[in-house]
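2 protein chains.
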Amino acid sequence: MTPETPTVEMHPQRWGDPAAATRLPDSALGLVELAFGLQDTPATTDAAPPARSLGDDLLAGLREIVGAEHVLVDDATRALRTRGKSTPDLLRARTGDLADAPDAVVRPDGHGEVAAVLAWAVEHGVAVVPFGGGTCVTGGLAARRDGFAGLVSLDLVRMKRLLAVDEVSMTATLQPGLRGPEAEALLAGHGLTLGHYPQSYQHASIGGFAATRSSGQSSAGYGRFDAMVVGLTAATPTGPLDLGSSPANAAGPDLRQLLLGSEGAFGVITSVTVRVRRAPAETTYEGWRWPSFDAGSDAMRTLAQSGLLPTVIRLSDESETAINLADPASIGATEDPGCLMITGYEGAASEVADRRAAVTRVLTGLGATPLGTEPGEKWAHGRFGAPYLRDALLDHGVLVETLETATFWSNRERLYADVKAALQSSLGEGSLVLCHVSHVYETGCSLYFTVAARQSGDPLAQWQAAKAAASDAMIAAGATITHHHAVGTDHKPWFAQEIGEVGVRVLRAVKAELDPTGILNPGVLIP
Amino acid sequence: MTPETPTVEMHPQRWGDPAAATRLPDSALGLVELAFGLQDTPATTDAAPPARSLGDDLLAGLREIVGAEHVLVDDATRALRTRGKSTPDLLRARTGDLADAPDAVVRPDGHGEVAAVLAWAVEHGVAVVPFGGGTCVTGGLAARRDGFAGLVSLDLVRMKRLLAVDEVSMTATLQPGLRGPEAEALLAGHGLTLGHYPQSYQHASIGGFAATRSSGQSSAGYGRFDAMVVGLTAATPTGPLDLGSSPANAAGPDLRQLLLGSEGAFGVITSVTVRVRRAPAETTYEGWRWPSFDAGSDAMRTLAQSGLLPTVIRLSDESETAINLADPASIGATEDPGCLMITGYEGAASEVADRRAAVTRVLTGLGATPLGTEPGEKWAHGRFGAPYLRDALLDHGVLVETLETATFWSNRERLYADVKAALQSSLGEGSLVLCHVSHVYETGCSLYFTVAARQSGDPLAQWQAAKAAASDAMIAAGATITHHHAVGTDHKPWFAQEIGEVGVRVLRAVKAELDPTGILNPGVLIP
Chain E
251 MTPETPTVEM
261 HPQRWGDPAA
271 ATRLPDSALG
281 LVELAFGLQD
291 TPATTDAAPP
301 ARSLGDDLLA
311 GLREIVGAEH
321 VLVDDATRAL
331 RTRGKSTPDL
341 LRARTGDLAD
351 APDAVVRPDG
361 HGEVAAVLAW
371 AVEHGVAVVP
381 FGGGTCVTGG
391 LAARRDGFAG
401 LVSLDLVRMK
411 RLLAVDEVSM
421 TATLQPGLRG
431 PEAEALLAGH
441 GLTLGHYPQS
451 YQHASIGGFA
461 ATRSSGQSSA
471 GYGRFDAMVV
481 GLTAATPTGP
491 LDLGSSPANA
501 AGPDLRQLLL
511 GSEGAFGVIT
521 SVTVRVRRAP
531 AETTYEGWRW
541 PSFDAGSDAM
551 RTLAQSGLLP
561 TVIRLSDESE
571 TAINLADPAS
581 IGATEDPGCL
591 MITGYEGAAS
601 EVADRRAAVT
611 RVLTGLGATP
621 LGTEPGEKWA
631 HGRFGAPYLR
641 DALLDHGVLV
651 ETLETATFWS
661 NRERLYADVK
671 AALQSSLGEG
681 SLVLCHVSHV
691 YETGCSLYFT
701 VAARQSGDPL
711 AQWQAAKAAA
721 SDAMIAAGAT
731 ITHHHAVGTD
741 HKPWFAQEIG
751 EVGVRVLRAV
761 KAELDPTGIL
771 NPGVLIP
Chain V
251 MTPETPTVEM
261 HPQRWGDPAA
271 ATRLPDSALG
281 LVELAFGLQD
291 TPATTDAAPP
301 ARSLGDDLLA
311 GLREIVGAEH
321 VLVDDATRAL
331 RTRGKSTPDL
341 LRARTGDLAD
351 APDAVVRPDG
361 HGEVAAVLAW
371 AVEHGVAVVP
381 FGGGTCVTGG
391 LAARRDGFAG
401 LVSLDLVRMK
411 RLLAVDEVSM
421 TATLQPGLRG
431 PEAEALLAGH
441 GLTLGHYPQS
451 YQHASIGGFA
461 ATRSSGQSSA
471 GYGRFDAMVV
481 GLTAATPTGP
491 LDLGSSPANA
501 AGPDLRQLLL
511 GSEGAFGVIT
521 SVTVRVRRAP
531 AETTYEGWRW
541 PSFDAGSDAM
551 RTLAQSGLLP
561 TVIRLSDESE
571 TAINLADPAS
581 IGATEDPGCL
591 MITGYEGAAS
601 EVADRRAAVT
611 RVLTGLGATP
621 LGTEPGEKWA
631 HGRFGAPYLR
641 DALLDHGVLV
651 ETLETATFWS
661 NRERLYADVK
671 AALQSSLGEG
681 SLVLCHVSHV
691 YETGCSLYFT
701 VAARQSGDPL
711 AQWQAAKAAA
721 SDAMIAAGAT
731 ITHHHAVGTD
741 HKPWFAQEIG
751 EVGVRVLRAV
761 KAELDPTGIL
771 NPGVLIP
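Chains as they are written, first to last, in this note's numbering: chain E, 251 to 777; chain V, 251 to 777.
No wet-lab data here; the hints were simulated from the structure. Even glycine gets a Cβ: it sits at the ideal position worked out from N, Cα and C. Some hints here could point you the wrong way.
Coverage of chain E stretches by chain V, computed from C-beta distances (three or more under 8 Å per stretch; other residues unrestricted) [claimed, not checked]: (1) 413 to 423; (2) 493 to 505; (3) 654 to 668; (4) 737 to 749; (5) 752 to 759.
My request is simple: use the sequences and hints to build the entire structure.
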């Protein structure tokens, strides 16, 4: 089975569906002017990728493998496969910088064609960037091309079948090119759901979820994507991998966990078998007010450690709560808004009722004030919208970006303080640093930061300095450089510190074994 | 903190505490005679390891590292570090075969000494077998020594400290030499538990649990050991690994999951940081009768897929149930015993009560007959005792061994039938093949087989043929060669089929990077 509707291509210089692009509402313009001063920083409309370095003679072999209509070399398609959607990516795209454009976009259909494309690339010394949804925010789609004859984007858009459903084992086998909503629509036909809703959900792909260890907004209920995967197949330049003989086993190191998070550097994931659940009959989201970020975080810990989690649980710090409430209706409210928590429940009606009642008892007992379903519905309605707002702010000279990390509970306060201080110190007075917790575990949680600042004359350098300061703070605090955004190229120096010299050598050894000529995503992931 | 009591050494030819060795009770002798015919097959008491091939000049360097008193070369100690506790291991030991004895037993204390021992071994071309509890049942302690100057057993018995407890994050950092009860006793001092109770619990070690991906009898409540690990350190011949920056992250492949299950072939695990839980205030175990193995298995699936599992859940098939009931009091009962399920609940009193009530509703609704707490208490009382019974049966010419696998729910019936048929066909008429399910997941479960047969003149060959037939059936059914016993040397041919040629090459590449001269557990794990 394949999806019924065509894939929506994102705008080459902005996030998401071009039809959904937005300008800042007038009501917000005033606030933004007050905070940052309005600047007019429109994107150029005049950009073309560099001349392609792969000639038609070379591409003939590729056309034989996938069919001529699936080797695209037009400028518009090449522009659409240039980098991902981090703010640095967008800043570059907005200035018309398409230096990282692939020479061609190739669209194989099936494991065999992927393997054949890799063999062709090895033979001709061409670098290959696997492309799923294009939503990467860590530079994972900007491979190095030095030393290669050229670079092709291996677009998985034709591989979007639901290959198998096993309703006894509650697993589904999906091709990697399926976008989030496409996978959910196909599973819904069987009354099933994956329950994986990262902010990139509308455009990101199953293969990307696996290759980057994505984690969704409902992770408290459905788990991280890597925890859903029970099997996968991959094509590597030196042969196929087919892993997943059982839910769990003691047959050596878990090689599935070596391919998960491998970001296209070890192989191309050609199918993923995931645990699925019954589609929820009921979904409810509601809001809670906490007097402080610490109090709310402690409550999340209590829930996680008592095995009593909602499906969704997220907590904004004081600054993010204040900004979220900064709409015209809320302005002038004198009451301290505290910290907003969203809890969500998805499942059968009785399950939702039972769990909601139990969580409500805990949260109320710990000092939360119930805010009813309105804040929850508002969050659910806007849950995929923030990246559109980023574009609107970039149009007005505001630098906006996010970064995230995770640590153990006992280290949460320190990590929060240190990363926040690093960002504020780097971005200077007038910058905003917001934070929320949106993924919790028995032993710890994630911290997700959003920053906004008036753009300097070189916003890219401005951001890179702030990002480096924040990343240094994460590593100094013993935390991870990324909870769910992967390594890409942007995180490599800190990733190397996180896993140490021996860890880096292990990854290089695996890379050398699976991809001895290094054609796969050169420069991505491996320090 | 370290344990207060000295480590109990297991008998070199039998399982467990020599003081607890048992003979078959008279009541059982009759049954065994009826089933298999009694034979007298006593173990030899006359055995000595071969002359050691590492001279004192070479060992001087080792003595400098760990202290002379921690390099042991006496025959008794060498015999105690020869192989593990599989039935083939015991059959060999019972005939006095100590060919696999190490030349010396070295007992380092701490990561630094472990690293120094590895450097010494690399320098002198000596093979090293890491030794935790010695409970391995897959040949993982019988390393090859060809091509090496000799072989030392790296005994972690001095490394048994509780290094850190973090009661906010609910983690504990443990040294690898701690035996199960020692770790639990230290954690109990903080009101905590790991909750990991494999049948080997009384003798197996924390390092072994990690290196072999152990799974305990309470896995439904506490998870597999690999799921408990949030961090680890390891010493490898080419440097240290220190992994675990967060509960979960997207920082590349999960290298923790590459060391877990590495069976001492990549490095020596020198500490493990694990998720811990509050020690349960209440524990209750009870029994249920199911009309068939299929009906009980389907109920386990229903529970696992509704997120409503007891802490312990296990189900014996018809044969195992009948044998378990074959004590003098039960004999003559004409009622079909069906299939016995044990459910156990551990936690705070209210938690236990709530969960028990909910599970009871489901099981009763699906057709189970409650048997009260007596079968549960009986199981709990005898839960670590089966290996002692194996020795008693080996004394009487009965071949007894276990093997286990796992698969997805939709494949359970096939796997059960195929493995059972393979064992019965190989072992012939009069053999017993029993099975239970003791580890369940949303997507599948384990199958654990116990066989008993009259020993042939060559019981080792007899078992190896049956084991090969069963292993072939597992791989043919697409299942795993081992759910929780690891690969060792016994499973290597099937492990290679399970992960495929590319998977094997990945493991070899990691091995070559971390242990380029191959001193670590040569011949173990890596096909």
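Here's how the hints hold up against the structure:
With 5 residues having a beta carbon nearer than 8 Å to a beta carbon of chain V, the stretch 413 to 423 of chain E meets the requirement of three or more and the stated coverage holds. Against chain V, the stretch 493 to 505 of chain E contributes 12 residues with a C-beta closer than 8 Å to a partner C-beta. That satisfies the three-residue criterion, and the hint holds. Requiring three or more residues with a Cβ within less than 8 Å of a Cβ of chain V, the coverage given for the stretch 654 to 668 of chain E holds, as 7 such residues are present. Check result for the stretch 737 to 749 of chain E against chain V: holds, 5 residues qualifying (beta carbon to beta carbon below 8 Å, three or more required).
For the stretch 752 to 759 of chain E, the stated coverage by chain V is satisfied: 7 residues place a CB nearer than 8 Å to a CB of that chain, which reaches the threshold of 3.
Comparing the model with each earlier hint shows no violations; every hint is respected.
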